[in-house]
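S.K.: From first to last, the protein sequence lines stand for chains A and B.
According to the working numbering, the first sequence is numbered sequentially starting from 183.
According to the working numbering, the second sequence is numbered sequentially starting from 2.
Quick caveat, the hints were computed from the structure, so don't treat them as lab data.
Note that the structure is a prediction, hence the values are computed from the model and not measured.
Think of the CB as a built atom: it goes at the ideal place given N, C-alpha and C, for glycine as much as any other residue.
Treat the hints with caution; some may be incorrect.
Partial list, computed: chain A residues near chain B (C-beta under 8 Å) [claimed, not checked]:
no.	residue
1	F233
2	D309
3	L317
4	T328
5	A334
6	I337
7	W341
8	L440
9	G493
10	F497
11	R504
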Amino acid sequence: MSTVDNVLGRVRKLRVPQRFVPLIATAVLVVLLFLYGNANYRSFEDAQVLFNVFISSGALLVVAVGMTYVILSGGIDLSVGSVVGMTSMICAKLLASGLPAWLVLAIALTVGPVLGLAMGAIIHYFDIQPFIVTLAGMFFARGMCTWISLDAIPIKDPWWTSVADGRLRFGTLYLKPHAIMALVIAVIAALVLAYTRFGRTVYAIGGNQQSALLMGLPVARTKITVYAVCGLCAAAAGVITTFNITSAEPLRGIGMELDAIAAVVIGGTLLTGGYGFVAGTILGVVALGFIQALITSDGSLSSWWIKIVTGILVFAFIVLQRLIGVRKR
Amino acid sequence: MSADGSGTRPGDPRAGQLGAVWTRIYHHQLFWPVAVLVALLVLNVSYRPSFISLTMLQGHLYGSIIDIIRHAAPLILVALGMTLVIATRGIDLSVGAVAAIAGAMACLHISKQEDQSSVAGVVVALLLGVLVALACGLWNGVLVAGMGIQPIIATLILMVAGRGVAQLITSGQIITIRSPAYAAISTGYWLALPIAIFIAAAVVAVVALVTRRTALGLIIESVGGNAEASRLAGIRSRRFILLVYMVCGLCAGLAGFMLTADISAADGNNAGLWIELDAILAVVIGGTSLAGGRFSIGGTVLGALIIQTLTTTVYAMNIDPQTSLLFKAIVVIIVCLIQAPAFRARIARLARWGRRPPAPPTPAATTPDLHEIEVAS
């Protein structure tokens, strides 16, 4: 413990606020992963590897950002992966039936928040654990997927495919439109969380719901809104998925809730709520993406190592949070 | 609770007596699980009368009900371990991964044997699997009891990494085995009944005896009620939390044997997939509170049977299996709402309004008014 105290003492002398330590640790991890990859693999030779993470994990980024809100408020949402699948199925089905693209977008982005709103209301008003309510939501949304169609549905709408095929070039590097959408959503979510009354209330509820209530903060409204926001993010992620692969299948997004929770934890957010940043979550998604890229670049490691390394990282960051004493009093 | 009782308070003595019996049944811990299970069975019989029939074929009993119990056996085991964990105010998300790991370990050992049907080899394989499952439980227990990490997060680590470990054991392949001795765990028969039923029943009996005939059950409940208070009362809370996670790992491992024996193959990706969710549902349906502090083993067994019956019902009605998730979602929400005190209070208030619509909310204030009217007239 004495060495830990020494380190802590030095950290304090550097005047780095303690709440930023997990965030910095994640940033250091991302840089180290990049440097290691850069030294060993050709795919890491320029920043395109970072852009590729946003292209392939854009949906995960948006889901994880929504999850950050819910976890900050002291809850959890297990339904996000299924909502991603359900939204992409709704998009593909409605587009196949000939509805105009703008109407499909509007409908797709409504269903997720409505489900989130319903779950949030049940969680708050009937005082049932978020875990079990969102579990039911997960079953519901996944059931809807197969109810819509048992098979994959291709998307042939001209506007949709033109967005999917778009490339934005920055010199030799490029991004796809859906990756930009994901980044814009993440930045907006970060700003809302940091600079609005709603954002501060989310932190307050996660810190101590009773205190937040006694301070006269709108606990009920905020808690329910948080689940609606998470549903909206999951729905947006579902739309982003359809841009990424221009088709939808009923099993899309299985296990995504776990990846999202892992990204949030690696990003330094406390799972008991009240502490964390959207920026950390973005770094967490990038770290997961880099690990995936490293393992696929190295031909000798099999794909299941991704799961094991993710588990080890989650473990390491939880221990880190313990050590630096960022915890609920 | 008092709101429900108010329905029987007024009325004549005869109704009161019947009412008292009814109230006792209604308030019994297992009333709702039994009611739901009976409703599901009645639904099945009315849809397909042959559902209830049992036939004897070559000394084996066959029938839908036997099938349901046999397929529910792994779920019963996992849910049993989960019940104890939840009673300590914990949760174990890793049971599906642990089942996959234990099953993979056992199948790997058997697949390496020259004579796969040798009983000795199978016993060694089972022991190896049990050891691995116990180690997984120990890992979870150390994280929760030793390091004080919240259970949902501590077990999430193994849930994420465990599938990878299972695939590591099987080298990413699906290991198929040809061992009648191992397959017997799930598909074998003894005394006209599937062996899986006996295994599940034996484990349930042991756990029920140990927890309810010794102080262990009370200790687990007191740890779940308030770990710090029970520590001050002289209970080594941490030791019992560790024990409970190891028991949960063991149960998951046994379920893993059944799942892999059923198909004579170990699939690191899909063995026991989502069983943790079904197990938690079974526990909640059975009336064990997720807040810890009390548990019901009978309720959990009923809960597991309800979930399996629901699945079988959906199959029998030619609905796509995936769509059965919709029905599960609806059942979960209904059961949780019925059990939630906040929801009961609300419904009770609504029911009281409905029963006496003309009566104003404050009868005391209105009676004088009536007297005044009488006096005035």
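S.K.: So which of those numbered hints doesn't the model satisfy?
M.R.: Hints 1, 5, 6, 7 not satisfied by this model.
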